[in-house]
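Engineer: If you want the building blocks of each chain, they are given just below.
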Amino acid sequence: MNTTDVINALYLIAALLFILGLKRLGSPDTARSGNIMGATAMLIAVAVTLCKTEVVSYAGIGIAIVIGSTIGIILAKYVQMTSMPQMVAIFNGLGGAASAMVASAEFNRLSNIDTSIDAHVSITIMLSTFIGAVTFSGSLVAFGKLQELLVPSRAINSRIIKTINPCLFLGALGLSAYIILTEQNSDLFPILIVLSLILGISLVIPIGGADMPVVVALLNSYSGLAAAAAGFVIDNMLLIIAGSLVGASGLILTNTMCKAMNRSIWNVMFGAFGAELVQGQTQDKEGRHAQSTTAEEAAMILAYAQSVVFVPGYGLAAAQAQHQTKYLADILIERMIDVRYAIHPSRKNARPHECTSRRSRSTL
Amino acid sequence: MIEGLLVSIYVFALAILIGFEVISKVPPMLHTPLMSGSNAISGIVLIGALVIAGQDTNTILTTWLGIIAAALAAVNVVGGFMVTDRMLQMFKRGPSNKPK
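In order, the protein sequences belong to chains V and Y.
Residue numbers for the first sequence follow my numbering, beginning at 1 and rising by one.
Residue numbers for the second sequence follow my numbering, beginning at 1001 and rising by one.
It cannot be assumed that every hint is accurate.
[Unchecked claim] Listed next, the stretches of chain V that the computed footprint assigns to chain Y, with coverage defined by at least 3 CB atoms under 8 Å from CB atoms of chain Y:
#1 141-150
#2 160-169
#3 199-210
#4 296-302
#5 308-319
[What the hints assert, rightly or not] Restricting the straight-line Cα-Cα distance to at most 25 Å, the calculated cross-link-like pairs of lysine to any residue (SDA-like) are:
#6 V:K23 with Y:M1090
#7 V:K259 with Y:P1028
#8 V:K52 with Y:H1031
#9 V:K23 with V:I13
#10 V:K77 with Y:F1020
#11 V:K23 with Y:F1020
[Unchecked claim] Covered, in the sense of this in silico footprint (three residues per stretch, anywhere, with C-beta under 8 Å from a C-beta of chain Y), are these stretches of chain V:
#12 20-29
#13 100-106
Think of the hints as simulated: they come from the structure by calculation, not from any bench.
C-beta: ideal position from N, C-alpha, C; glycine also.
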């Protein structure tokens, strides 16, 4: 067994840990351990990569890691809990930028060596640069909107932007195709980066601040894809695996988040009308809304709540669900959750059997 | 090289499928932590940056791009995992969660 085999074996372990970690992040009980698994996998990946034979100079790398980690730690430690989505947006943007830079660096290196670049390498270089740059500028705009900094956080419905976006996209596509076909035309490469950056801005600018978490989730998926493309560029399996894992799961997560808002992804990205109310959602004067959900999801939410208020209505009585409600309340009380009942004054005397849970700490 | 590419595409396709399957029925309160956690994982591009920055066949521009990319990706990775952990700490049952 030589060094390469050991490296690949450890990469495999890291890849498996990433998959398991991501899986465990999806459930409240295991989420924290899932996150730690992911971090462990990352540690393995970095350590192993530093042992690779082609990595020879460590000074620059060491400084970069120290500076980057320090900034990361400071940001993560001192940011307010309510500013988390902004933080994720910033981190995500930096990841996208890193992908684009890795691809650009490799393009620059290959352009200066007098061999022709393989088609699949140049295609993935363009892809990684394009997606990475879009992710970067898009995430920065998302950050600005969430932080209410520089960009207006309301939704903007502009025809100009709607026509600019396809043009920019086609322009970037055509330019990449031209660079790939003519080979080593590195003068045009910066233009591709600029086009991608503008596209990232103009894609996110029209979307309202309330939809930003969904946008960040989508951009997160993009940055995964950019990393996967970078993996093809430098022929690194772990990069491909982890990148596409995030790309695909990010897409699913984006979809789930849209569903939780009763919106479609299309509506969020191109609707630009702010929050429209769709079927299954009601809203009161203060903009809070009631949300329908599935039993499984409701169970998870209830299990981790601090305080639960039952509002028994006619449906509960008609379904003869009093016993089940009591049973549920008992389980919640066992979990040290504050359970109360809220009963509309006009119903208080009408149906006493609707609220037969005597053990609750309710103050009716 | 072409054979290697084919293997990469196999791996890519399978990893995409796993990514689709691995996330299901995530409760809304976990959306942000999950997003943050997977975002930290996408900082894996850090190892790509390390490979680029550490090579000796580089031009100066390549090396610098690699080093800056490594620093940015390190922010993403370290910050991402720490922020996720901070968010998930809120699910821990501490004294603050006891009923009044």
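Engineer: State for each hint whether it applies.
Structural biologist: We went through each hint and held it up to the structure:
Counting residues of the segment 141-150 of chain V whose CB lies closer than 8 Å to any CB of chain Y gives 0, so the stated coverage by that chain is violated, three being the minimum. Coverage of the segment 160-169 of chain V by chain Y is violated in this model, with 0 residues showing a Cβ closer than 8 Å to a Cβ of that chain against a need of three. With a threshold of 8 Å between beta carbons, the proposed coverage of the segment 199-210 of chain V by chain Y is violated, since 0 of its residues qualify and at least three are required. Only when three residues or more bring their CB closer than 8 Å to a CB of chain Y does the claim for the segment 296-302 of chain V stand; here the count is 4, and the claim holds.
Interface restraint, the segment 308-319 of chain V with chain Y: violated (0 residues with C-beta to C-beta distance below 8 Å; minimum three). Restraint check: the Cα-Cα separation between K23 of chain V and M1090 of chain Y comes to about 19 Å, which is no more than 25 Å; the hinted pair holds. Between K259 of chain V and P1028 of chain Y the alpha-carbon distance is near 10 Å, which keeps this suggested pair within the 25 Å criterion. A distance of roughly 36 Å separates the Cα atoms of K52 of chain V and H1031 of chain Y; the hinted pair therefore is violated under the 25 Å criterion.
Between the alpha carbons of K23 of chain V and I13 of chain V the distance comes to roughly 15 Å, so the proposed pair stays at or under 25 Å and holds. A C-alpha spacing of about 32 Å is found between K77 of chain V and F1020 of chain Y, which places the hinted pair above 25 Å, so the restraint is violated. Only pairs whose Cα atoms come within 25 Å are accepted, and K23 of chain V paired with F1020 of chain Y is accepted, the gap being roughly 11 Å. With 7 residues having a beta carbon nearer than 8 Å to a beta carbon of chain Y, the segment 20-29 of chain V meets the requirement of three or more and the stated coverage holds.
Counting residues of the segment 100-106 of chain V whose CB lies closer than 8 Å to any CB of chain Y gives 5, which reaches the minimum of 3, so the coverage claim holds.
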